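Asks: Assembly of the complex is requested from the two constituent chains, each provided in isolation within its own frame, with the hints serving as guidance.
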Amino acid sequence: MRAMRKGQELTPVADRTRQIGPDDILLFCTFRNEDVRLPFFLDYYRKLGISHFLLVDNDSNDGGRDFAQAQPDVSLWTTKGAYGDARYGVDWLTYLQGKYADGHWALTVDVDEFFVYPFCDTRPIRALADWLDASAVRSFGAMLLDMYPKGPVGDTTYERGADPFQTANWFDPGNYILSRNKLLNNLWIQGGPRARNFFATKPKQAPALNKIPFVKWRKPYAYVSSTHMMLPRGLNLVYDQQGGEKTSGILLHAKFLNTFSARAEEEAVRGEHYRAGQEYKTYAERHGTDPDLWCQWSEQYINWRQLEILGLMSKGNWA
Amino acid sequence: MTLGVVMLVHTGFGRAAQMARHWAEAGCPVIIHVDSNVAATQYDPFAQSLSEFPDIRFSTRHRCEWGTWGMVAATQDAATMMLEEFPDVQHVYLASGACLPLRPIEELRDYLALRSDTDFIESATTADVPWTIGGLERERFTLRFPFAWKKQRWLFDRFVQLQQILGLRRKIPENLVPHMGSQWWCLTRQTLDAILQDPNRAVYDRYFAGVWIPDESYYQSLVRLHARKIESRSLTLAKFDYQGKPHIFFDDHLELLQRSRCFVARKIWHDADVLYRSFPVAKDPERATEEPRSGRVDRVFSQAVKRRTRGRQGLYMQSRFPSSDRENAVGATPYAVLQGFDDVFPDFRSWLTRQTSAEVHGHLFAKDRAHFVDESTVYRGGLSDSARLRDYNGKMFLTNLIWNARDKHQCFQFGPADSQDIRWTLAKDTQASIWVVTGAWAIPLFASDRSASDVRAEAARLQRIEHKFLKSLRSPEARARIKIKTLAEFIEAPMETLQTIIDDIAGHRGTALTEVPQMADLTGLPDFLQDLKNQGMHPFLTGDITENAAAQTRTVPRRKPYVISQK
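Those protein sequences? They're chains A and B, same order as listed.
For the first sequence, the working numbering begins at 1 and goes up steadily by one.
For the second sequence, the working numbering begins at 1001 and goes up steadily by one.
Bound conformation, chain B alone (with noise of 0.2 Å):
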């Protein structure tokens, strides 16, 4: 039995001079069409550069533009040629100038030879089908396409809208069901001659002629009609990119290609010259019966595909900068914003590392410098702790700290006497955890056994601040996971919410705390709030504290924890 190729070509005459040669050395017949846009300078040199070969032959050329009914045309010519002229031909592949054959060709004529009743096709009903652009998939074959996608876009976009307006159909022929699928098939004989030979062939390229993309679905919807045995896969490898265009194969991809194990593979750059070496691969009896495999392949191309559509989440770089109304997430990972608790707890920094092995930052948003967890003038990245720097761009400050160092769970605190710009970028990032003590401000301040009279200006100023922070957090923008409780909540019963951010940070390795952190002495706080408000300065974001509570905060040393883990 023989393997027939039919070629398109319209650019790159060099290869697809060679890989007609290829074909035709190897005892396959060539039927070659040019697109007529092709000039005659490009052509004759071409055809004439052939002409050695008995068996590679020209068929009526036509006008190939993208996405029309010429593709088809020239296939049907070059398909009709074919079956006429080499009647030893069974299987018809075929294939373009940017094809090349991976394997021997001999190899791939005993595969078809085994599978003589086979149509290899990849032919799929449009409902099934999630590679199409553009959102044109049932509507292909039921609107009408006057205009090229191409070079008259915007006129090929407003009477697609025009025709979805009106509600206008055509009508699918009887018997046809649409199927679609990659332009490069392998059919045999009986099935090629079939489809040329029906009776209503006439009805069906009417029909197809205006279908938009006419060679990913003539065929494969034909091929339903009279295949004995359809295989719905392409022989050749190709790939295809999120606009449809197909990805190209470089000499870097030898080992890529080499296994697959495909038989064919598009596109190859034409400069490529390691590939157009290295391939078709030498005989090896013991693999020659062996199954083309793309997955490897498949992957790397969805790769690439998903970094052009999707990115790194978190990621803001040159060629990667999302619009704000474009992302619920900022940050790469999810991190935590600590407000307050380094006032309860003096230790709390060294004692929540302890717990939770994240990386616990001082106030990175500090008025006077970035405090990052060790103190140091740069932190990852090479990110400065200068105020001015960071204050600059804070969002992008906060953006590549959590990008630097995302192989940590990033936590640091936060708190009214810091640079508050962040506060939106925080308060709507899904990435962020909040947990905030209010009025915990209070507490240095009583610290500092200056008299409320000295600090009541400060204290207004601070809860004006955190009101305001508080403010975004509830805000219907706010998308951040937050938590908040006054510092009377709060202490009455801070095991509890503890355990919940270590679970939240240490995600499944957060265990039942054995450790609790040694709270700041409260006793006097009420009296100090109290004075506060006798100043006429009522520190509302505190809660109620009672003389109790706080005086439970002495008991030291406290002797266990009195809250189960909630897991």
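Only chain A is shown next, with the shape it has when bound in the complex (with noise of 0.2 Å):
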């Protein structure tokens, strides 16, 4: 009902859904000024074997939305819309997924978030749909991992169409903090570094890390908060309780670039993040808006095997 008259703010740009074959993976994204950051993003997931991305633009002034409109495989829509009041996006993607996503494999992310699975290197995201279908499994989760550089964020640069990962490559390997939510049968992550950083005096208020990205999409679902937690219940079901693990993945998270001072300045005023933008204004005041958030610890990134033997995906029972 939400989803449906918040519908109603979408503007179409382009509208190339005809294209959208029966067995086409779809990716769903929303976006405000990431023009730096869409074709880079765009070819990550081509590569994967996206067919279909569905985009909305909230109201970029930074020519991204012309970018996105000239891409062959993108729908665009446009809205300006508050992100706040869209929760944070989802109601406007919602509608889309009930419209194009129904009978899909579907891919709901962030432009900085870059999703990991099991084999990506060797198999394409259409084996990863097609072994889930086999096993009869709805959702696949996949933590959001921060990533950030060496050094000052600041100190980095970042070129449109560049590799993020080439600088903002580091992470943390083991200090993640998860607890069951009850409610919706979820887990809820926290730590990384910005809890090490940020919230050590406040842990509770650290970012969610728990996604649930790729869903094999069916009409009457929904995100309830980001990509974080679904309704039905059973969606979020993507860890095992007996002691075995499920196959999971992970979205690296290009979010300390040097573009995120910028970023946390604007959106601590504009306050429609989660929260009112609160953790965007807890950078603010920690860090100048310019951390080094690196330490002795810190994992260079190489490969998913990695971030498998880490402990932070799992292959499961795909071999």
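Check each hint, because a few of them may be wrong.
As the list claims (entries may be wrong) - Computed footprint of chain B on chain A; a stretch qualifies when at least three of its residues, placed anywhere within it, have a C-beta under 8 Å from a C-beta of chain B: (1) 50 to 64; (2) 131 to 139; (3) 178 to 191; (4) 212 to 221; (5) 239 to 250; (6) 292 to 303; (7) 308 to 314.
To be verified - Facing chain A, from chain B, some residues (calculated, C-beta under 8 Å): (8) 1247; (9) 1318; (10) 1367; (11) 1380.
Think of the hints as simulated: they come from the structure by calculation, not from any bench.
Note that the structure is predicted; figures quoted are calculated from it, not measured.
Yeah, the Cβ is synthetic: ideal placement off N, Cα and C, and Gly gets one too.
Replies: This is the structure:
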């Protein structure tokens, strides 16, 4: 209902949804002023095997909308609606997912999130989808892993189209804390460099890192809060409770680039993000928005196998 | 002699057609069975695409729902057709559209020609087969299954339960011993003919039509009545996961499959272009007579099953989160919790490090911050020393620490002045060894040179907290290895306990102690404790310390340890 109403706020810019084939894997994403990031983002996911992108532009003024509109595999909508009022963009996407994703595997990510799954260097995302189908699995979890550079974040430079993990290629390997949300059965994961640096005195407010981005979509499905948890609740059981490991992936989070400072300042003022942008305010207060997140136990990113061995993701029974 | 192929197809028609052509071009007649659920719009072009091959033919179509009789009926008809229409066929190979020949088909034919009497079919009695799912091993032959497992799961389960409760049993036909195995077989004309022409076939068919997953037991059982020579193994490499679903091979399995030297593999992913391009491999006269060996493939896939069902002990992550009543062991590896020792021996930590090369932390759960081994602010894995962050989820702090540093034995000091929320986790963890010298907290109070009346309240508080911890350790739920001694007992014979700790931590590397830690000077402690009592605060956890025992601690330097290693 809510999504239907929020769907009214969307104006189609480029509707290429007729190109969508019955087996296509779709990507859903909302963005605002991400012109710099869009080229690499689209390329990354094209290489994984995404067939069609369904994007919502939230009132960008940096040319990102024009760029997206010109892509042959992108359908684009735009809105001037407030990001916060649309539950951080979820409502817009839920509307589009209900309309276009029914029966498809749908990947829902932000422009700074890069999906990594077991064997992603040798098997396309179609292989994962087929295997999940064969295993009667409907949803696939991928924890958000904050990536950061060595040295002050502001010292890095990010060029349009470049791989952000050339510079932001460090992460925290083993300080994540989990608890179970009894209401929706999802795991609540916090930790990583943000908890370590910004939220040590108020750990409860540390950002959630649990995500369920890849789902065999059905019309009544909906994300509850960003892609952290879903309804119906059964979709949140992406973890095993008997001691086994289900198959899972990682969303590499390219948040901490030189674009971060400006973004943090802007968002702190705008207050449209979760908890009225409190997270961004914390960054701004703590480090003058130019933190150095690196520590001697930071790990340098190599590939998915490394993440698997560290225990951040799992092959489960996919071999 | 000729090899004939019966191919079952219900999806992936493009690849199935490609495979059928493969077999046919190598001179093998192919009888294809297509599931009757498949729509004409898919069936017709598929059949059309193979019409140029006279030796590719199609058999009567049956509905093949998983686990039901249709699969067997389909193979019966197709096999009958094969035997009738191709009198040269000596071996019949049952394959699917997702089966890929890995070696030249000629090699398979030569292999079979040398074994013209042999039936290759995995066939084991139910008592010996551990790979069945859902516990229906023997019962699949004795119960009735009118409901579909996939679509009517609830009814299926309830009806099985009902029969179990009522004790209902079907009668197994005489002479028949139920056997099971992979549904992918390769039988000789003679055996197959005997099965299909058996005078009792109607009886067997009626019986197996009511058996659960008959395609894994029909031929596997009947072959025992007719075969001359059974090799109980499948020539098709097919691995199954813990739910009984076949593992799928992808392009990156190329090397694994090449090395296996198996004749045929399934299931191949339909878009695995590299595999479909690479197999069957070119003829290699030197390797033509090699036996298949699937050991390495078996290992890879059984590891996957193990990971899915048992996982990595001590790892808590997004897709492994065992509920607390499901696990006895919390930590990834054994670790030691030491309470009171650093009060008795001021240099205890450095001494223990020298003796064991273990990672000896300070008070990890201290109120001010986590005191890691090197007093750094961040430890392995990026663990912060912040007390707030640690206490927000103490159990995860502990499990993260043990997991991150599981290559070393972890030890840490604990005490009544520390955060206590972790105490039940420690007490219940079978990986924990907990050593307590009770009442040792009195030593720093005594050494502080403050009067008994000054420290009375503090002593009472520490005693109360330690008492609570001891209660957890002594509860029936405690599963850690726990050794508790009073301060009085301990200082009577400290080496005994220390040697046990060293042996426990260092394992076989532990040797007799050569160096003894320096004990704090406890002369005067009994008087101090008596003063506390006089103030009305009875330090019952210290035990009765005699002036004699306390005075002993002053002997400096100690000459030699007086306990012989227990080993």
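Asks: Run every hint past the structure and note whether it holds.
Replies: Okay, the hints, checked on the actual structure:
no., hint, verdict
1, 50 to 64, "violated (count 0)"
2, 131 to 139, "holds (count 3)"
3, 178 to 191, "holds (count 5)"
4, 212 to 221, "violated (count 0)"
5, 239 to 250, "holds (count 10)"
6, 292 to 303, "holds (count 4)"
7, 308 to 314, "holds (count 4)"
8, 1247, "6 Å, holds"
9, 1318, "4 Å, holds"
10, 1367, "15 Å, violated"
11, 1380, "5 Å, holds"
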